Amino acid sequence: MRIPATTLLLALSPTAAWAGTMPQMDFHNPLTLTQVGWMVVILVVLYLLLARWGLPEMGRVLENRAQVIARDLADARAAKAEADQRAMALRATIAQARAQAQAEVAEMTTKAKARAAANAAALAARLDKNLAESEQRIARARAEAMAALKPVAVAACEAIWQKLTGGAAPAGSAPGCVDAALAAKKAA
Amino acid sequence: MAGPKIDALGQFSLTTGLGPLGRAVDFTNSNEAMLAAAAIIVLVFALGLRAQALVPGRTQALVEVLYEFVRDMCVDTIGDEGMRFFPLVFTIFSFILLGNLLGLFPYFFAFTSHIAVTLTLALFVFLFSTGVGFYTHGLRFLKFFVPAGVPVWLLPLLIPIEFISYLSRPVSLSVRLFANITAGHVMWEVFAGFMLLLAASFGVLGAVAALVPLGLNVALVALELLVAGLQAYVFAILTCLYLHDAVHMH
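Chains H and G, in that order, are what the protein sequence lines are. Numbering that gives the first Met the number 0 applies: residue 0 is where the first sequence begins, and numbers increase by one. Numbering that gives the first Met the number 0 applies: residue 0 is where the second sequence begins, and numbers increase by one.
Source of the hints: derived by calculation from the structure; they are not laboratory data. All values derive from a computational prediction rather than experimental measurement. We put the beta carbon where it would ideally sit given N, CA and C, even for glycine. Take these hints with a grain of salt, some might be off.
From the structure, some residues in chain H lie toward chain G, with a derived Cβ separation under 10 Å [to be verified]: (1) THR20; (2) GLN23; (3) MET24; (4) ASN28; (5) PRO29; (6) LEU32; (7) GLN34; (8) VAL40; (9) LEU48; (10) PRO55; (11) GLY58; (12) LEU72; (13) MET87; (14) LEU89.
From chain H, some residues computed to sit far from chain G (all C-beta separations above 12 Å) [what the hints assert, rightly or not]: (15) PRO22; (16) ARG59; (17) ALA123.
Partial selection, computed: residues in chain H whose CB lies under 8 Å from chain G [what the hints assert, rightly or not]: (18) THR33; (19) ILE41; (20) LEU45; (21) LEU61.
Please work from the sequences and hints to get the whole structure.
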């Protein structure tokens with residue numbers, strides 16, 4: 000069967016759509032208004048359910064979450080502050096310990112130096128004393144040697160005189176000669 | 000004329016629903032869809048609120064997104080008093096949204112395509128916001144119709160204009176929703192009927208040509224999905240705006 004193009008166009012045109020009674024505009028139909036009445040009933044029930052139960056409940060869930068997040072954040076901040084404080088205290092303790100250790104090291108060094116200096120001084124004093132004693136001994140030995148030198152020289156002089164002359168040297172001349180020779184040696 | 004005809008408006012005709020009981024109390028097929036919409040909202044809330052978890056599951060996340068979306072809309076638009084009207088705005092928004100979305104399914108009735116329904120909702124919003132205005136400001140609310148900073152001699156012209164524009168609010172609010180949903184469904188029906196006409200008129204060739212309106216209808220599904228959400232949002236945000244005017248006067 001063929002449908003004329005005009006019929007097609009008529010069926011598609013908006014006027015054709017409006018030509019038939021629009022069910023939305025059919026206010027003779029009682030259902031058009033009763034649906035509104037039932038809608039009011041449904042909406043009131045829906046509103047009461049949402050306003051009294053659904054939305055406040057959901058609001059509580061969201062508020063609870065916000066509170067939990069805020070509390071966790073506050074806890075985290077407090078923990079961080081405490082950790083910072085502890086780290087600072089730790090740093091302070093380390094610094095104090097280091098200062099104390101350095102002070103002790105310095106004190107020990109000073110004491111050791113003092114002891115070493117004292118020991119050195121004592122040693123030096125003992126050495127000086129030994130040196131002085133040794134020098135005295137040397138001087139004494141030298142003086143004794145010097146004292147012994149004259150009689151030996153006199154004896155040697157008298158012996159030499161006797162060998163050369165065959166006769167004893169005149170008594171008392173030898174010491175005078177030795178004294179004069181020693182004085183000349185000293186002067187030279 | 001025999002053969003298929005395009006009955007673009009038959010889908011909007013009201014019958015009684017829920018069997019004999021519904022017939023006795025004039026409970027319509029449109030009310031069935033409303034009941035389904037309300038039941039789905041309550042059911043989603045019941046499922047979403049079952050766990051009340053700190054980290055939400057899927058249904059809870061859906062309810063939370065809806066809740067925060069409408070709450071932010073209320074608070075941002077109305078101001079600090081927004082939370083007082085939040086349950087009302089949420090009820091209207093979710094009801095219209097579910098009505099629009101359910102209407103997209105085959106064999107479901109799109110109750111927002113009825114001017115009686117949308118006009119009732121719009122008149123309620125209009126009367127409620129006007130009532131809030133007079134409750135909040137008393138008779139000083141009438142100054143709402145006197146624009147500030149305008150020469151006095153212009154007032155006789157401007158006050159009627161303001162008044163008429165105020166009165167036109169429920170009309171534009173209701174017709175916008177009704178016309179959008181009706182137009183979408185009519186187009187669907189027309190294109191679908193056109194496919195049958197083509198197949199009946201031109202045989203195999205017509206059936207092949209019918210793929211074009213089919214494609215258009217598929218594209219229309221996407222558009223109607225957008226319209227369904229958008230119109231619910233527009234209705235809700237305008238409700239918030241009217242309430243803002245009532246509470247703050249400009």
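Hint-by-hint comparison with the structure:
A distance limit of 10 Å between C-beta atoms decides the matter here; for H/THR20 the minimum to chain G is near 8 Å, and the interface restraint holds. A distance limit of 10 Å between C-beta atoms decides the matter here; for H/GLN23 the minimum to chain G is near 5 Å, and the interface restraint holds. Checking H/MET24 against chain G: minimum C-beta separation of about 7 Å stays under 10 Å; hint holds. Satisfaction of the interface hint for H/ASN28 is found here, the shortest Cβ-Cβ separation to chain G being roughly 6 Å, below the 10 Å cut-off.
For H/PRO29, the interface hint holds, the least distance from its beta-carbon to any beta-carbon of chain G being 6 Å, beneath 10 Å. Among the interface hints, the one on H/LEU32 holds; its C-beta lies about 7 Å from the nearest C-beta in chain G, closer than the 10 Å criterion. Taking 10 Å as the C-beta cut-off, the interface hint given for H/GLN34 holds, the closest approach to chain G being about 4 Å. With a cut of 10 Å, the hint placing H/VAL40 at the interface with chain G holds, because the nearest CB-to-CB distance is about 9 Å.
A hinted interface residue such as H/LEU48 counts as satisfied when its beta carbon comes closer than 10 Å to some beta carbon of chain G; here the least separation is about 6 Å, so the hint holds. Interface hint at H/PRO55: satisfied, since its Cβ lies 9 Å from the closest Cβ of chain G, which is below the 10 Å cut-off. With 10 Å as the threshold, the beta carbon of H/GLY58 comes within range of chain G, its nearest partner Cβ sitting at about 7 Å, so the hint holds. Of the supplied interface hints, the one on H/LEU72 is violated, with its beta-carbon coming no nearer than about 14 Å to a beta-carbon of chain G, more than 10 Å.
Taking 10 Å as the C-beta cut-off, the interface hint given for H/MET87 is violated, the closest approach to chain G being about 35 Å. At its closest, the beta carbon of H/LEU89 sits 36 Å from a beta carbon of chain G; the interface hint therefore is violated under the 10 Å criterion. Not every CB of chain G lies more than 12 Å from the CB of H/PRO22, the least distance being 4 Å, so the non-interface label is violated. Not every CB of chain G lies more than 12 Å from the CB of H/ARG59, the least distance being 8 Å, so the non-interface label is violated.
At roughly 85 Å from the closest C-beta of chain G, the C-beta of H/ALA123 stays outside 12 Å, upholding its exclusion from the interface. Here the hint on H/THR33 is kept, as its CB sits about 4 Å from the closest CB of chain G, short of 8 Å. The interface hint given for H/ILE41 holds, since its Cβ lies 5 Å from the closest Cβ of chain G, which is under the 8 Å cut-off. For the restraint placing H/LEU45 at the interface with chain G, the shortest Cβ-Cβ distance is roughly 4 Å, inside the 8 Å limit, so the hint holds.
Because the closest C-beta pair between H/LEU61 and chain G is about 7 Å apart, less than 8 Å, the hint holds.
Violated hints, listed in ascending order, are 12, 13, 14, 15, 16; each of the other numbered hints is respected by the structure.
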